[in-house]
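Trainee: Protein chains in written order, with our numbering: chain G, 1 to 468; chain Y, 1 to 468; chain C, 1 to 468; chain V, 1 to 468.
Hints are supplied without guarantee of correctness; some may be wrong.
What the hints assert, rightly or not - Covered by chain Y, according to a simulated footprint, are these stretches of chain C (three or more residues, beta-carbon under 8 Å):
{"no.": "1", "segment": "16-22"}
{"no.": "2", "segment": "196-208"}
Said to hold, decoys possible - Now the stretches of chain C that chain Y is said to cover, found in silico as 3 or more residues with beta-carbon under 8 Å:
{"no.": "3", "segment": "254-263"}
{"no.": "4", "segment": "300-312"}
{"no.": "5", "segment": "416-426"}
Keep in mind that the hints were calculated from the coordinates and are not lab data. These numbers come from a predicted model, not from an experiment. Glycine residues also receive a C-beta, built at the ideal position from the N, C-alpha and C atoms.
4 protein chains.
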Amino acid sequence: MTAFDLVVRNGRVATAADLFEADIGVKDGVIVALGRGLPKGTRDIDAAGRLVLPGGIDSHCHVEQTSSSGIMTADDFYSATRSAAGGGTTTIIPFAAQHRGMSLRTVVRDYHACATPKAVIDYAFHLIVSDPTETVLGQELPALIADGYTSFKIYTTYDMLKLNDRQVLDVLSIARREGALTMVHAENHDIIAWLSDKLMDAGLTQPKFHAVAHARTAEREATHRVISLAELVDVPVLIVHVSSAEAIEQIRIAQNRGIRVFGETCPQYLYLTEDDLDKPGFEGAKCMCSPPPRDKANQQKVWDALSQGVFQVFSSDHAPYRYDDPEGKMKHGSNPPFKKVANGVPGLEARLPLLFHGISEGRIDLHQFVGLAATNAAKLYGIYPRKGTIAIGSDADLAIWDPEKEVTIRQADLHDAMDYTPYEGLTVKGWPVITISRGEVVAEDGKVTEERGRGQFLRCDRSPLARS
Amino acid sequence: MTAFDLVVRNGRVATAADLFEADIGVKDGVIVALGRGLPKGTRDIDAAGRLVLPGGIDSHCHVEQTSSSGIMTADDFYSATRSAAGGGTTTIIPFAAQHRGMSLRTVVRDYHACATPKAVIDYAFHLIVSDPTETVLGQELPALIADGYTSFKIYTTYDMLKLNDRQVLDVLSIARREGALTMVHAENHDIIAWLSDKLMDAGLTQPKFHAVAHARTAEREATHRVISLAELVDVPVLIVHVSSAEAIEQIRIAQNRGIRVFGETCPQYLYLTEDDLDKPGFEGAKCMCSPPPRDKANQQKVWDALSQGVFQVFSSDHAPYRYDDPEGKMKHGSNPPFKKVANGVPGLEARLPLLFHGISEGRIDLHQFVGLAATNAAKLYGIYPRKGTIAIGSDADLAIWDPEKEVTIRQADLHDAMDYTPYEGLTVKGWPVITISRGEVVAEDGKVTEERGRGQFLRCDRSPLARS
Amino acid sequence: MTAFDLVVRNGRVATAADLFEADIGVKDGVIVALGRGLPKGTRDIDAAGRLVLPGGIDSHCHVEQTSSSGIMTADDFYSATRSAAGGGTTTIIPFAAQHRGMSLRTVVRDYHACATPKAVIDYAFHLIVSDPTETVLGQELPALIADGYTSFKIYTTYDMLKLNDRQVLDVLSIARREGALTMVHAENHDIIAWLSDKLMDAGLTQPKFHAVAHARTAEREATHRVISLAELVDVPVLIVHVSSAEAIEQIRIAQNRGIRVFGETCPQYLYLTEDDLDKPGFEGAKCMCSPPPRDKANQQKVWDALSQGVFQVFSSDHAPYRYDDPEGKMKHGSNPPFKKVANGVPGLEARLPLLFHGISEGRIDLHQFVGLAATNAAKLYGIYPRKGTIAIGSDADLAIWDPEKEVTIRQADLHDAMDYTPYEGLTVKGWPVITISRGEVVAEDGKVTEERGRGQFLRCDRSPLARS
Amino acid sequence: MTAFDLVVRNGRVATAADLFEADIGVKDGVIVALGRGLPKGTRDIDAAGRLVLPGGIDSHCHVEQTSSSGIMTADDFYSATRSAAGGGTTTIIPFAAQHRGMSLRTVVRDYHACATPKAVIDYAFHLIVSDPTETVLGQELPALIADGYTSFKIYTTYDMLKLNDRQVLDVLSIARREGALTMVHAENHDIIAWLSDKLMDAGLTQPKFHAVAHARTAEREATHRVISLAELVDVPVLIVHVSSAEAIEQIRIAQNRGIRVFGETCPQYLYLTEDDLDKPGFEGAKCMCSPPPRDKANQQKVWDALSQGVFQVFSSDHAPYRYDDPEGKMKHGSNPPFKKVANGVPGLEARLPLLFHGISEGRIDLHQFVGLAATNAAKLYGIYPRKGTIAIGSDADLAIWDPEKEVTIRQADLHDAMDYTPYEGLTVKGWPVITISRGEVVAEDGKVTEERGRGQFLRCDRSPLARS
Ligand SMILES: [Zn+2]
Ligand SMILES: [Zn+2]
Ligand SMILES: [Zn+2]
Ligand SMILES: [Zn+2]
Ligand SMILES: [Zn+2]
Ligand SMILES: [Zn+2]
Ligand SMILES: [Zn+2]
Ligand SMILES: [Zn+2]
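Same shape as in the complex, but just chain G (with noise of 0.2 Å):
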């Protein structure tokens, strides 16, 4: 057995499905061994009394992503990846986003070109299609699923993403054809559209009318509807960041049925409620986001479902725009009305720290912090066994967790681009202290360590759960 440039000794070592004591041997980067007195290592970390869990995966966050509406991310690749290392993520799945008009290929060209340079840890890219032309759906998709982007999201809301129906069948066509994993953000946009006319009409343009025309009964229909369209072709689809109990009914009842419906939620709609948004002035604006946040009877079963197994995925949907700013949230003015102010809220660092406190709260268990964390979204993007798990040769992406540090989120301690966390104030129960990526410490107790352009982009492979 060959020399180990990282021992990380001591702790207590859990997967989606199993918790033991185990020193892991880490070479070039990847897992060689697990044992109890393993050799010394170049490097030694101590991980008695902590818990030594997989790097985290985001599997849903926009960098340096240029909105519908023409405003640019806070967040780059550099900016956006400490942070996720800083909260124990060691992989990130953003989206290269095509807008109208734009070549797939150049806008994945694109991306590359600004992550390559800054990326502190590793990433994969899930495509956003918005424009499904013969040419993007003959050609470019097929290739690019080819070469390792076997993801896209689309949309049925915003009026320059949006899909229609017609549309949304064809390009589930090509992804049963190819294997590719569809993801979809599920709003009725009529409705919100409708109800947005009629509140702006109305002079009711405040934050807080954004959760108005963000109606739940809008989320339910286009569930139902995704869902349908999902199961006429018969091909997994994945709803992402389901923020309402009825949008998690429909997905339970078809998971019931046997269709292969995943879902993805966020930590805003655990921690966060439309009361938020109802806050003196401007203020509100932090916690805009779509889907908005519910109520929190709501929260109660966004838990439920992450119990149930209703959800597969948890990620931060960090879309950051600073609050202060006027290429952030105060874009179009210091308290314009809803419809102006880009949609979203930051979570990248938070997401993990957010969801581990469920844990003490009896909410989740340590294996389906796990799972929800990143192996879930390991295996359903394609890049499992890489990512994901503490296993024999998977990459050493290692978060060490105190599990009895309590934390007070403060933006002073974060690491991204932004001036304002929605959950400031909030004390959370464990923390990330130490984050490794294949096998070297990225961050380590508040600081990013690591230096810009050192993450490594991830083809992925065809989802397994996408077969037909």
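Fit chains Y, C and V with the ligands to the supplied structure of chain G, relying on the hints for placement.
Mentor: Chains Y, C and V with the ligands only, in chain G's frame:
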């Protein structure tokens, strides 16, 4: 007590709730007395051993209407109302159908011009709204509602008729404000169009592929969507011609949740299946309608929903296109692809016997029959108590049924202008032997006896069930 | 046409389906004519501005019955039928209650002896079967069913009444063979006994703990179990006095599956809550019944189930035990533990006004009221069309309602033998101002006018709804 | 790093979450190293091309147990554990079964006396509680739970075993207080007894009527009832050997409501049907077990529930009674009535291959197999992480599977003491070619190689899933 113009004597009188032996005294077309041993009238009909039921109301039929693809129905108001009368129906509610670009006012005027000189029995009109312009929604529709056209149908499919979700919201919003009842043809257009194109491209053009294109999932999807839109606006909605167990389930779920959703089904979903579209040559076209009949197991679900009260209305959806006719099913040739065939089946005359047959089979009881045949529609569409029941003050619209008479349905015996019936050769138990409209016998022993033009237009009140 | 003994003139007559203006002509206690401008009768009552409804049928009440723990109800057949009449009810169906060891025949004879000289209005009897011996099942029950006692109640709880599952199967099997209708008090005995013992042991003996002991889960469990047993035997069953959303859901699920389950609820589940049992001292005993009232949200579910047709019958479950009386609630002292308190609340007189009040609140409509008040019970228990409707040939059992009259319920105004009503001080809209039994005014303006003993026994036909 | 006693080399190692290539280093019966290219051990096994899985845990089997009707199982601890080992199972959890009147302590002592000298592999014990006296509940059960017997089974049926609801509540209450896990055989006794008597009286005594007597409704009823009782007490419960879609639905509904209900099913419900009981002569007795197998469509529902996570445990319910044996199925003659036939089928050895076969058929995936075969049971019953997984520190209980090997099941090749297997002639894909218990090969190539008495007793921790 004045002398009676007509006494129907010794019958067993049934309403939606009651069954009793009584003579019915009629004066000036109105029921003025119920009792036993009423004095002789100008005319006496002995109904001993017979059931005396309210004359039927067929609240969904297409008469002298040009389809959106330009084909005129075979029946005009004369043949249609003769046929209705022959089947125990004394009121029809066909459509005044707007094509895009038309003024609703003009449409209504035109239909009146057709109906006035020809109708043998009474009639009201639903509107069809295919072009909800500002003028239509802002002026014409409210004015027409006030004038007694208090219900209208909208479509989620057909190229020239379909409204998008936003238009549906606009229309529902008007319906709510004005107290009108919205009827919806609920099938997902994009699914049907997408499947149709795939089928046509593959050369799968026979009538049976019509049933494939109009997938059950398409109906379920649109039903859920329309219910969601109505729930959002908080206004009642009626899903017409429901064909599938999946759509039934959506309606049932909504009703259980307290949403005001009404449902209608039709005889073709009780007696036909998709196999009837799969016959040698072009024969299957005779059973093509939208939504299409489903399978045998599904028929049972439709009966169950009738008996359990999921459906309130049972109509024919009479849409008569002759089979062997260049102006009918063969408009585009003797064996055109299914997309070129006019959708619809006749049923005005057979509707009630087909439903009544369910009594002898133990599927529904006599009172459910009366409700579905007449009373519920009268209430739903605002013509109750003038129509739809046997009560003091109501129009003397009666159907005298021989509950034991077995009849084999044959086109040769029917009174419409069709050259086929999809129920040819089917034997049913129970038949309306005399039909009386406002105290006048309009059909007797298989002969329609009344002259054209005696039918009167019925202004509808706002539906008491459409109150918000 | 013969002269009328009575004409009720100018009223708006409502049945379970219809509403029309008509005079009602009565001869020999029977409705013989409906019309307008009927000739004068021996007596004329002007009902202008009033609703004329079928007299109510209270199909679940305990009259002159000794409870299984040996307490006699406060009301005998005189006070009970007076009270019923005062509240617009013209027929009651109390129980001939077998205690173990008794012959059913003897029981029936004894109850007749009580009722014959005292009843002011007509009555039928349900049996209570607590001792299904071979003789009872093999001889007495079939013979009594043939004699017009076609329904019986069984219990899953109460020490001296409960049947085990096997006995229930035996009884249901007889019901199926003989065409009788089985009514079931469905609460899990062991749960109640086990909880009661725990509570009593802990000194938690106040009335409010009665509601704790009779857990909602106990009702749900027994409801599901009884439905299962009936489904196995393939025989209809009626769950009486359903109190909880959980039990409602079980009934609804079964009905949707096509199982013939009927449901009954009572005013106490619409207007009382468990908080009414939690009053200073022993006051809470006034609202103790089994099952107990639940919470506010549950009341809404009961209303919903009424309006959606889950319940067919609405009875009082009148079980009158005086409060401040050594033969009533205080039989075992002035503040006995809840296990020692007679279960039951009065409701014969308030039942219909409490339900009618739901019309003005928009919870049910007038026809649902009539169905629940009278028609459905008449049909279910085999006394239709003699009772339960306003139709030619039916008994002239009528209640003339002033729909606008607001009445505050006070025990002082009621006609039963009680010293309290649980609805004291509640104001309802709508009141029966005249009650007519077989053409005779038995109550008018709050006074019961008819003498004892005029009530007649009604043999019940086999329920048409209990056919297999 | 110390020298290894055993290295399993080059295999693909699977856990309930992960799949990776690694060598497994074993020392003193424990897994001490996972890596690649581990140094040679005392023994090396080459698992190239094979799957290395955790040894199976059969958590429901009856070994050397006298049934309540006095028939001893054919298998003692020697033959049973040999058979288990032959089928890839390394731990069994049979029952220490109390008959009424017995001391639980004595029962446990007796079973240990049987097991200690004979067991080839490790074992724990569930208790069977048939006589919950004050002493049993107050003293013996708590003491035994503390001693490592942390789960017990109770029955709702069988004359000599069944508890009534009140006893179930008492037992659940103790389970809650002590943190034990209650397993329930859920069938309604009265239904079965009532149907059996009717069938026997009618002379319908062949084996196939066993399936009629054990109606699906009986299982659904008891499942709902047991869940209700557990919900009331607020304690987890495990429904064992679930056979029907109806019972599955009840479990699923409860799980969705957040009730902690676990479910177990068995191979007989995946591969047998009630038709297997309907064979000429007495042959059907070979497939008689309780609950009985259902129909073909039901098998699919059981598979679905396995893959959807409704079931956590998959056991054999091995209850071996020889067919042609006066101490087995023919105890009461060569063709006794079904009520006289010992209930049960063997399955210890075939269990895992039958489940594994589902992988190749696409019904479950490999990780679900591992969970159902071993990991979930280990966690549920408190022997994890010692048993149930492949991880550092766990016992080296391994099964090496050839996933491609097709085997036709024949009794002649099995190692139990039976004279038949219900799966005779069935061909499955995938077979455990080597079984290793604590680092020792106990079975290899169809031969069980280890001597009697090496198996060790496992004290169980309180189930982490049974925490209140
Ligand atoms: Zn989105
Ligand atoms: Zn997003
Ligand atoms: Zn239509
Ligand atoms: Zn139509
Ligand atoms: Zn009762
Ligand atoms: Zn009662
Ligand atoms: Zn068992
Ligand atoms: Zn067993």
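Trainee: Hint by hint, note whether the structure agrees.
Mentor: Hint by hint, here is what the structure shows:
| no. | hint | in the structure |
| --- | --- | --- |
| 1 | 16-22 | holds (count 7) |
| 2 | 196-208 | violated (count 0) |
| 3 | 254-263 | holds (count 3) |
| 4 | 300-312 | holds (count 3) |
| 5 | 416-426 | violated (count 0) |
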